[in-house]
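Chains as they are written, first to last, in the working numbering: chain A, 1 to 226; chain B, 1 to 118; chain C, 1 to 345.
Treat the hints as calculated values from the structure; they're not laboratory data.
Here the structure is a predicted model, which means the values were calculated and not measured.
Treat the hints with care, since some could be wrong.
Derived DSBU-like pairs (lysine-lysine); straight-line CA-CA distance at most 35 Å [as the list claims (entries may be wrong)]: (1) K113(B) to K326(C); (2) K92(C) to K39(C); (3) K38(B) to K88(C); (4) K326(C) to K112(B); (5) K92(C) to K60(C); (6) K60(C) to K88(C); (7) K38(B) to K60(C); (8) K88(C) to K39(C); (9) K92(C) to K38(B); (10) K60(C) to K39(C).
Residues of chain B placed beyond 12 Å of chain A at every Cβ, according to the derived structure [claimed, not checked]: (11) L17; (12) F18; (13) P31; (14) H32; (15) L39; (16) Y42.
Facing chain A, according to a computed beta carbon distance under 7 Å, are these residues of chain B, among others [claimed, not checked]: (17) Y5; (18) V72; (19) V82; (20) F98.
Note that beta-carbon positions come from the ideal geometry of N, C-alpha and C, so glycine has one too.
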Amino acid sequence: MSTTLLVFFALAAISLLAAWRVVTDPQIMHAGLWMGLCFVGVAGIFLLLTAEFLAGVQILVYVGAITTIILFGIMLSDVEEVQPQEPPFYRFRRRFGRWWQPALPLLVAAAFLVALFTIYGQAGWSDLQPVGPAASTPAGLDIPAIGHALFGPYALPAEAASVLLLSALLGALVLAMREETLRVFRGSPGSSRVLQPGSGMAGREVNAGETDHPGQDEKKEVGAGT
Amino acid sequence: MLNAYTDIAVFMTVAILFIMISLLLSRLLRPHHPESGKLATYECGKTPFGDARVRFKIRYYIFALVFLVFDVELLFLYPWAVTLDDLGIVALAEAAVFLALLFGGLLYAWRKKVLEWQ
Amino acid sequence: MYLAATSSLPLRLYQWTEQLFTDLGLPLWLLAVLVATVKAALIIGFILINVIFLIWLERKLGGHIQNRLGPVYTGPFGLLQTVADALKVLVKEDIIPAAADRWVFMAAPLVAFVPSVMIWLVVPFAPGVQARDLNIGTLYVAAMTGCTVPALLMAGWSSGNKWSLLGAFRAGAQLVSYEVPLILATLAVVMLAGSLSLNDIIRAQQESTWFIFLQPLGFVVYLISAIAELNRTPFDLPEAESELVAGFNTEYSGFRFAIFFLTEYANLLGSSAIAATLFLGGWSGPFLPPFVWFLLKTYLFVFLAMWIRFTLPRLRVDQLMNLSWKFLLPVALINVLGTGVFVAL
Numbered sequence: 001m002s003t004t005l006l007v008f009f010a011l012a013a014i015s016l017l018a019a020w021r022v023v024t025d026p027q028i029m030h031a032g033l034w035m036g037l038c039f040v041g042v043a044g045i046f047l048l049l050t051a052e053f054l055a056g057v058q059i060l061v062y063v064g065a066i067t068t069i070i071l072f073g074i075m076l077s078d079v080e081e082v083q084p085q086e087p088p089f090y091r092f093r094r095r096f097g098r099w100w101q102p103a104l105p106l107l108v109a110a111a112f113l114v115a116l117f118t119i120y121g122q123a124g125w126s127d128l129q130p131v132g133p134a135a136s137t138p139a140g141l142d143i144p145a146i147g148h149a150l151f152g153p154y155a156l157p158a159e160a161a162s163v164l165l166l167s168a169l170l171g172a173l174v175l176a177m178r179e180e181t182l183r184v185f186r187g188s189p190g191s192s193r194v195l196q197p198g199s200g201m202a203g204r205e206v207n208a209g210e211t212d213h214p215g216q217d218e219k220k221e222v223g224a225g226t
Numbered sequence: 001m002l003n004a005y006t007d008i009a010v011f012m013t014v015a016i017l018f019i020m021i022s023l024l025l026s027r028l029l030r031p032h033h034p035e036s037g038k039l040a041t042y043e044c045g046k047t048p049f050g051d052a053r054v055r056f057k058i059r060y061y062i063f064a065l066v067f068l069v070f071d072v073e074l075l076f077l078y079p080w081a082v083t084l085d086d087l088g089i090v091a092l093a094e095a096a097v098f099l100a101l102l103f104g105g106l107l108y109a110w111r112k113k114v115l116e117w118q
Numbered sequence: 001m002y003l004a005a006t007s008s009l010p011l012r013l014y015q016w017t018e019q020l021f022t023d024l025g026l027p028l029w030l031l032a033v034l035v036a037t038v039k040a041a042l043i044i045g046f047i048l049i050n051v052i053f054l055i056w057l058e059r060k061l062g063g064h065i066q067n068r069l070g071p072v073y074t075g076p077f078g079l080l081q082t083v084a085d086a087l088k089v090l091v092k093e094d095i096i097p098a099a100a101d102r103w104v105f106m107a108a109p110l111v112a113f114v115p116s117v118m119i120w121l122v123v124p125f126a127p128g129v130q131a132r133d134l135n136i137g138t139l140y141v142a143a144m145t146g147c148t149v150p151a152l153l154m155a156g157w158s159s160g161n162k163w164s165l166l167g168a169f170r171a172g173a174q175l176v177s178y179e180v181p182l183i184l185a186t187l188a189v190v191m192l193a194g195s196l197s198l199n200d201i202i203r204a205q206q207e208s209t210w211f212i213f214l215q216p217l218g219f220v221v222y223l224i225s226a227i228a229e230l231n232r233t234p235f236d237l238p239e240a241e242s243e244l245v246a247g248f249n250t251e252y253s254g255f256r257f258a259i260f261f262l263t264e265y266a267n268l269l270g271s272s273a274i275a276a277t278l279f280l281g282g283w284s285g286p287f288l289p290p291f292v293w294f295l296l297k298t299y300l301f302v303f304l305a306m307w308i309r310f311t312l313p314r315l316r317v318d319q320l321m322n323l324s325w326k327f328l329l330p331v332a333l334i335n336v337l338g339t340g341v342f343v344a345l
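Use the sequences and the hints to build the structure in full.
Below is the structure:
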């Protein structure tokens, strides 16, 4: 018991420290790298739970792909623009008199914590017995079991995930095409290709790190109001 | 306890230690005479100008995004590939629909010339 | 016999150590850590010896393909040339440029090297000779391969050099593009074997036949993608000497540069070993001892990669991207579905 617990605390400490540095490191590129380390720690915790498939996926998708995307995003955006000129929590410190500024994130975090514990309580994981040294992967966590579940009873959610992925792909394409239009627009002002008015891309630099577009948000709000 | 995964951690540690020890050994043997010319950024012999961390094309980012989408798709396919033998034709059809959706997206990108490199 | 002789000695050594541990009252997890450390040290030794040989082989082979002699002076046939180079690089000054981001710059070679060693955890050398047969074998290999991209981005960005940054971008885009077909080609093999474990994959090939005969398309996709993942010519755009100086490792010197070099060849060896296991039946074969078969098949891939390197010219960036997204990816997807029909019916 003691060794496992010790390893868990070490991994948790690494993940938490890395996560803390992600939000406090003033150099945004370093923050991205700390996030990679945080993911590695989480993969270690998955291994500790003998969820080896999840650990592999954690490394493959989060460390290999998500970190890459974040690093690409940071490197492709204007560093001066993104880099904070003030120390962390400067605004919090300056306006500490306004109670809701620190209270709001705390409230969100607390709500999230309550929700998580409710879910975990219902999952009945506390009834699980610890796995002995002889047993390898407990049933239900090994890959064939995941396959049977994913393409048996949970086939529909899996297909829905495919649709979700498709929409993500289309999102990436839209980003690419916006850049394309921008390039044509910038390159030759007298070009025959005309930008459609109100498309929200004229004269606006498409920033790689950004995912939210004010134009779309406005549309959404209008749609919600009517 | 946890024999199967101690190996992963130990391999990682030993690899790190190997590099650390070699670097330490090298540190004892190698000269260390830094001077400004030596420490300057290499730009083919010319005086370096501007900040090196310049912005590049966003196109790199697009490819990374498309990669992420396919990477997540692959993680669904891993359990599928292992169990296809048991699950048979139904799972095959499910995966075919799954892949067809994404492949459609790829074809769309292809047609819209997003996959071109300019 | 050879096999019995090699497998009984470590076993006796292990039993002796186990006895020692129980006598001294030491915890058993410490024994596990000790055994794993020995395995890791052995594997790093194996990698080093092979990399020293590989670099010599590459230079010699390249020399003869281009009607030169290659290294000849140090040792017989110039065999010790790499040893001399390694010693030289060990005493070279380690320059960290003033513009570099110090910590990231120093960490990048480490992050690149560690996964290249960790891949060897699951490589089966001979029956029973494998550091650890993980259930997620091929997924583990893919995950470790994927860790290279952040390492290269770290190296390129932290150098504070425009060449390095551009090289890192190219490397990132290239590795990312070729990883998907690479994994898809592996998946087709996994479907035939019904398991992710590399040992099970070898066993499945012993029962039927080498998967290269069942998966010719998958093999071609794997070969092309693996060479691209290794940044070797014709896919060496990230370090194209004629345009980018040396790509992401332009600013690296001394032993830190050597680590990148070592990683590159360790990855070549690792990819070859995995390819031999996935497509050529790993260590299985008649007459010769399994370990010799393993080495032979691995070196077949190494030779193929070197031959391609000295034969083909470098691709353009647009050709590189087209090859991956418009040829390899559709082909690999169709291959997976075709294999699916074959397996499911």
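- Quick one: which hint numbers does this structure break? Sort them smallest to largest. none
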